[in-house]
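Let the sequences and hints guide you as you build the complete structure.
Residue numbers (numbering that gives the first Met the number 0), protein chains in the order written: chain L, 0 to 349; chain G, 0 to 349; chain C, 0 to 178; chain S, 0 to 178; chain W, 0 to 245; chain X, 0 to 245; chain H, 0 to 72; chain E, 0 to 72.
If you're looking for bench data, these hints aren't it; they were derived computationally from the structure.
Simulated crosslink set (BS3-like; lysine-lysine; CA at most 25 Å straight-line): (1) 2(X) - 4(E); (2) 31(H) - 219(W); (3) 2(W) - 2(H); (4) 85(C) - 270(L); (5) 12(X) - 35(E); (6) 218(W) - 28(H); (7) 296(G) - 323(L); (8) 177(S) - 162(S); (9) 23(H) - 189(W); (10) 323(L) - 298(G); (11) 347(G) - 227(L); (12) 2(X) - 48(E); (13) 214(L) - 35(E); (14) 295(G) - 295(L); (15) 23(E) - 219(X); (16) 41(G) - 156(S).
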Amino acid sequence: MSGKMLMKGNIAIAEGAIDAGCRFYAGYPITPQNEIPEYMSKRMPEAGGVFMQAESELISINLVFGASVAGARSMTTSSSPGMSLMQEGISYMAGCELPGVIVNVMRGGPGLGNIAPSQSDYFQAVKPGHGDFRMITLAPSNIQEMYDFTFEAFDLADKYRNPVMILTDGLLGQMMETIELSRGRKPLNPRPASEWALTGAKGREPRKILSLLMKPGALEQHNYDLWKKYDEIKKSELRYEFNEKEKDYDCLIVAFGSVARTSKGVIAEGKDIKAALFRPVTLWPFPYAELREAAKKAKKVFVFEMNMGQMVEDVRLAVQDDSKVEFYGRPGGGLPSQEELLSFLRKKVK
Amino acid sequence: MSGKMLMKGNIAIAEGAIDAGCRFYAGYPITPQNEIPEYMSKRMPEAGGVFMQAESELISINLVFGASVAGARSMTTSSSPGMSLMQEGISYMAGCELPGVIVNVMRGGPGLGNIAPSQSDYFQAVKPGHGDFRMITLAPSNIQEMYDFTFEAFDLADKYRNPVMILTDGLLGQMMETIELSRGRKPLNPRPASEWALTGAKGREPRKILSLLMKPGALEQHNYDLWKKYDEIKKSELRYEFNEKEKDYDCLIVAFGSVARTSKGVIAEGKDIKAALFRPVTLWPFPYAELREAAKKAKKVFVFEMNMGQMVEDVRLAVQDDSKVEFYGRPGGGLPSQEELLSFLRKKVK
Amino acid sequence: MTEKIMIAGSGGQGVLMLGLFLARVAAMEKKNATWLPAYGAEKRGGFSHCSVIISDEEIFSPMVENPDTLIVFDQRAYDSYKSRVKENTLVIQNSTLVKDDEALPGKKVKLPALEMANRLDLAKVMNVIMAGAYVAAKKVINAENAVEELKSSLGRKESGVIKKNIDAFKAGMEYAGKK
Amino acid sequence: MTEKIMIAGSGGQGVLMLGLFLARVAAMEKKNATWLPAYGAEKRGGFSHCSVIISDEEIFSPMVENPDTLIVFDQRAYDSYKSRVKENTLVIQNSTLVKDDEALPGKKVKLPALEMANRLDLAKVMNVIMAGAYVAAKKVINAENAVEELKSSLGRKESGVIKKNIDAFKAGMEYAGKK
Amino acid sequence: MEKLIYGMPESLKNVSTTYCPGCSHSTVHKLIAEVIDELKVREKTIGVAPVGCAVFAYDFWNFDVTEAAHGRNQAVSAAIKRVLPDNVVFSYQGDGDLASIGMAETIHTANRGENITVIFINNTNYGMTGGQMAPTSLLGQVTTTSPKGRDAQHYGYPIKMLELLAPLEGVKYLERVKVTNAASVIKAKKAIKKAFENQINNTGFSMIEVLGSCPANWKKEPAEANRWVDEKMAEFYPLGVIKDAR
Amino acid sequence: MEKLIYGMPESLKNVSTTYCPGCSHSTVHKLIAEVIDELKVREKTIGVAPVGCAVFAYDFWNFDVTEAAHGRNQAVSAAIKRVLPDNVVFSYQGDGDLASIGMAETIHTANRGENITVIFINNTNYGMTGGQMAPTSLLGQVTTTSPKGRDAQHYGYPIKMLELLAPLEGVKYLERVKVTNAASVIKAKKAIKKAFENQINNTGFSMIEVLGSCPANWKKEPAEANRWVDEKMAEFYPLGVIKDAR
Amino acid sequence: MKKGKVRILAERCKGCNLCILECKKGELKQGKTVNKQGYSVVEFVNNGKCNGCTLCAIVCPDAAIEVILEAEE
Amino acid sequence: MKKGKVRILAERCKGCNLCILECKKGELKQGKTVNKQGYSVVEFVNNGKCNGCTLCAIVCPDAAIEVILEAEE
Ligand SMILES: Cc1ncc(C[n+]2csc(CCOP(=O)(O)OP(=O)(O)O)c2C)c(N)n1
Ligand SMILES: Cc1ncc(C[n+]2csc(CCOP(=O)(O)OP(=O)(O)O)c2C)c(N)n1
Ligand code: SF4
Ligand code: SF4
Ligand code: SF4
Ligand code: SF4
Ligand code: SF4
Ligand code: SF4
Ligand SMILES: [Mg+2]
Ligand SMILES: [Mg+2]
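If you want it as structure tokens, here you go:
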């Protein structure tokens, strides 16, 4: 299948996974990501894989843990409250160095909140759980990327034997957009599971997968080893979008995910303002140095989010000059419109 | 009871809670905090309260949720992996504006990790869960404070109808130290539960406690209301330790909890270096402005933690000049000794 | 070219399907398109609207605030959105259920879609009639492609149903074309 | 005054209790004190040690790296910690189980605590004997207070046991006092 | 002279519920309200609403109600009851809530023999999220996540919660009812009343399972949906008292 | 001529375990190893170790082993088995792990009828964390969190896991055994073997509960601890086959 | 025979028609008026056969039926 | 009667003494030597009564007993 087609964000995630060779999916219903388990319940068996409806998010993440132990490319998806329930499991996966793709289609919080789009799980994604672990966190901005990033997430997860998160929101999950599926594309599978997965100790020494390290110094050393890997990821996998041609700007807008696309509209519309967009694509690793460089030329750095200010902390860490940074955000499912952001910009610029 | 006595950190927490009028405790065993549920199983019934051994940390936090709904001063305690499991419940408590005290006696991670002391749940405490909520997070540094802060936590929780966290570690939990119990001290109970708790709609309109807000804009408004409260907390409840007399320093050391007391030893020992300690006591709210002020006089700001660098991000946000900030941390239960920190300091200073 | 369409009505009127249909035709024409639904908090009888954007360029926010075209199915929808109508907004309104506000600017297509649908003996085609009117009134997507899409989307339905839908579409086109 | 004590041995020898005892006496004397245990990863037969600090001032880290006093119960403990012994470190060693390393600096009290305990017909008092030796050798805490604490901590035990403990404590004191 | 012999109970607020026409949630809400009125405990009742279609229950009942996190109702209810033993505390839950994500809470609360009342609406799917398979969905039942019908091999078997709980000593009273017609509604009310009376008499843990209909997700008219309950559900899930150990 | 008629199984590594003297974990480890040897499946076995005293099991068994988060063993095991249906997958769990925090995973895995083998060591307390009360602790049992002995009113009743699982259709084989003397060890081994054979024959979910001793936390000598199992535990927890539905 | 009548609380009725099935007297029928929520409200036929048996009200999910007994004079 | 003997794997034995209870022939007794882990290792008495019944080995939690059958010549 190729050529332009209209696809829902949630479905694009499911398709990206299947095309990347995901053969184990476990999920529990929660709005606004229900299309994924629903679609997977049909598609996964067709693709020769395993679909399991977990009875809770705890079971979801631990099923994914198990499937990964067995060497299958595996995925789970949920939304904010469900993601909180997965924190322990994710930490275990990182501790055990197990690959796996975790999708968070964020909604309004705290607590039960509502089902409107939100970006208020940024912290939970990039500064997660207990223990000093990290996950590559990809933030798609359109439906093409919902597909592409999910596809690539599996390779990244395998390459680093680490969970990878797709951090998106109900807007991108529920909207449809024209995309091009590149069905010909093959996953790279950079570090095959056969090297480390538990498949029975036939013709080799028994393997163990674990995160408990009780011998004095062993866990400390394990952390250093993990961080060596994380440093490697920082070097190799950092992604951001920043139009090099847009050299001439006073205002730098920093936004991710669905807010980034709105911000592009702001820039296109607000011709009276010399603005450029810096869009972190990997939220972890975060492009600190690159953003810092880009911010130097700006008089003001604007951060737009659908929360009370989370990524803005990383922006401030990059910019190191709070007087330059202006934040505008809306929590609890409030969707900043293009008009609203532009008028904020105009007010602050003049 | 009064006068000096030797007490274990975990017991001090339990005693502080009972003296503050905590009458509901639920917990699940996990090292290094087992002394708390064990002690509570005896003391709580004696004090006329309810002790429940929860069958999981999920049940713990939701029992505390229920007890709080019913207006009881309530507490749960756990350690890092258990705390990850409570993330959803804590977000619900914050969303429902329910008071409650949550104690995290941190241990090494990620995953199962080990049972050695650690500070690697800093992020999870101060930038928590899903949704834009916050908790007052108190970091005791000695056993006296384990008692005092727990005592005060209940008043703070009630005052703001918000969960309050005591963030401590296995070192403080397991060590004993001389403390003075001030049994005469009465809790203030600044906002009695009778104003809002569910106790039956006798002689009043029925009440509801909830976090679901589906009407357009309602959840957004709720978030703004919460943040009004958080801003109030930032103004009124900020705490830090910074010896005003120590005006004459080149090096500012920033550390919290057990590392802060080691850092004091470093300063006492390293007479050749002009150093002062800035110790955040509330990790949220974090004393950004105060630290920034204090950092101005320093040539270097040293951040010592028992993790790979978590609070250091808040320090950097405060200082806004990375070239000044030096971090030394040990993850996975590695305990930085006084000697080790001092030699790091000496190396970096010269 | 960028065309921003807002479609509004109540659950059960086929509001979301209409949006989807327009977006699909655009995709067929290798244009970029987005479709963004919004439901009321309640499941049924509630408010229903969607945003559709069709463009040759990259589409930014999929939320339509200032529509180039507003398609409204009933009075409540009309009242909710008429403030967004500007001088050059095209308004396609189901005149069976919408009382026109003459003070409103913009180009108007008032077609009695519900009546027409009832006449076609298939209330469910009201949205197809509106689609026809849109295609005729604003030449953003091609009528033949639209009919193609209509057929393929009804693929497995019996031929009578397909015919009725095509008739409905054409009736809508015709009605709007006349104006 | 700040006194840093490190006590090391194996599980079952009463290492942790000895530390606790010293810290309790200090508390009774309104001094500041800390006690920090450390266990081996295994439950039994493992390594056991604790740090005790007694001071008139604020105590910083409760971990003792460079002890003023090192109390060792057996060879393994001695071997593990002897590198920490400096010129002015007091070493109290259970000579029944520890072979003295003569090259080591520091003031030494070598007492055959296990032997003495066996002689007292109560192997469990080995740590009390060590306590007595410590109190005599280093006058940080008061002997009478120590005896008081001993009594109160054994509160509900039968009088024969209490007496034996006091005897053990005194024997330790005496032995160390003589040297 | 006219006499009102059936009207809205005081324990119901005079607002329309958000449930779909014919949905059993509405019926059971009404029955609970009637029972609470009859037992004269409205002013000391505390309800715990679930995450599910009944999450808005606090807008419909005229007494104190809180909302628990998905599946955690019984932990919340147990704690409330422990703190306020003289109040009447009940947990209202759907099958996704009680039998799926809340399984551990259900078993442990029952096993502790907490003196609370649990009203369990089994409508064989996740109503609120759009009709996904639940642990209680029948074999062969087509849902949005069992597109070919539930088969035991991939999805496991439908769980009979009452039969599962029956062996637990802490459990005192279990009955399964339906509300598909007036006769069964009358029976259901009696069961619910007993479950509340048990609590008032300190008998211990009681749970009533209501075989409920979900016309919207089953894509059936209310009457047809009720017929499905009568014919299919009640065939698999036996009605009546499963345990009475008072 | 000499013949070795009893020796260490190949599926056990030649290292000493970390268990306390007389602990039943050691015995059951050995039995599992023997069974796996006898069934000749060492090279396709994947074990899932729990959080609990048996967390180090991967250091003792000579085949592939992973460690699951506390209570999540059966979710992990089920997924491994689904991905590798031709391998032999078993879950090894303590009572805190399986019957307390892992209750939901246990019930749901059993109900799904996953074709795995579960070995459940019930030693009536949380061994690793120092002897706190478990859901399986006997009434009256003094533990570090039930200082006056477990009473049903505050702590609930001891759970009989096998009796709880028995009504679930997905569950095929349940047997309760002990390992307090040679005779019972032989029986236990037979049960364990059957549970593995079931898996190999695609029969479905099997679980063996071993009444285990925890001399350390019970503060009893090994022999005395075994006596307590024989007398107190086995009295409350009936030995034998609870269900055999193959 | 007792004489009863029924009052439909129009804004509560959701037109589920379950009451119609229940009334063996034919006293209830599908309505034509639509309430604010968009549901067509059931109608009381009032053919004099209503005996106030309350079965319709009992089955009504939405507590939308009040039953009134007219005392036999 | 068969003739057996028993080999104690000293480093595996934990001195739990369960095997002693099991041997009805009195062939095992509490040991005096302590292994590296500090456990006193059980001892094979070797009074010629061992029949290689393996009960001691079966009950041994730690797989610390090997049983050897000496073929009757
Ligand atoms: C932790 C979490 N997971 C998932 C959800 C999404 N969710 C909301 S309601 C619901 C299911 C409700 O089904 P049921 O309990 O059967 O109630 P019903 O709507 O059928 O009455 C789910 C899964 C959630 N809110 N929180
Ligand atoms: C989430 C979480 N909660 C608690 C713990 C602490 N913990 C470790 S082992 C254990 C209990 C083990 O008891 P059981 O399962 O009965 O095994 P046993 O040691 O008795 O064999 C607990 C609670 C943990 N590691 N993780
Ligand atoms: S979706 Fe189903 S359960 Fe929910 S209100 Fe509608 S009919 Fe009732
Ligand atoms: S603590 Fe108990 S269960 Fe754990 S190894 Fe020791 S005896 Fe066995
Ligand atoms: S009260 Fe009885 S007779 Fe009257 S309308 Fe209702 S069901 Fe019919
Ligand atoms: S049963 Fe109630 S809601 Fe349904 S149609 Fe009759 S009156 Fe209306
Ligand atoms: S094999 Fe039998 S006879 Fe020989 S020592 Fe063992 S138990 Fe005794
Ligand atoms: S049973 Fe085994 S471990 Fe125990 S004493 Fe005998 S040989 Fe040693
Ligand atoms: Mg349901
Ligand atoms: Mg146990």
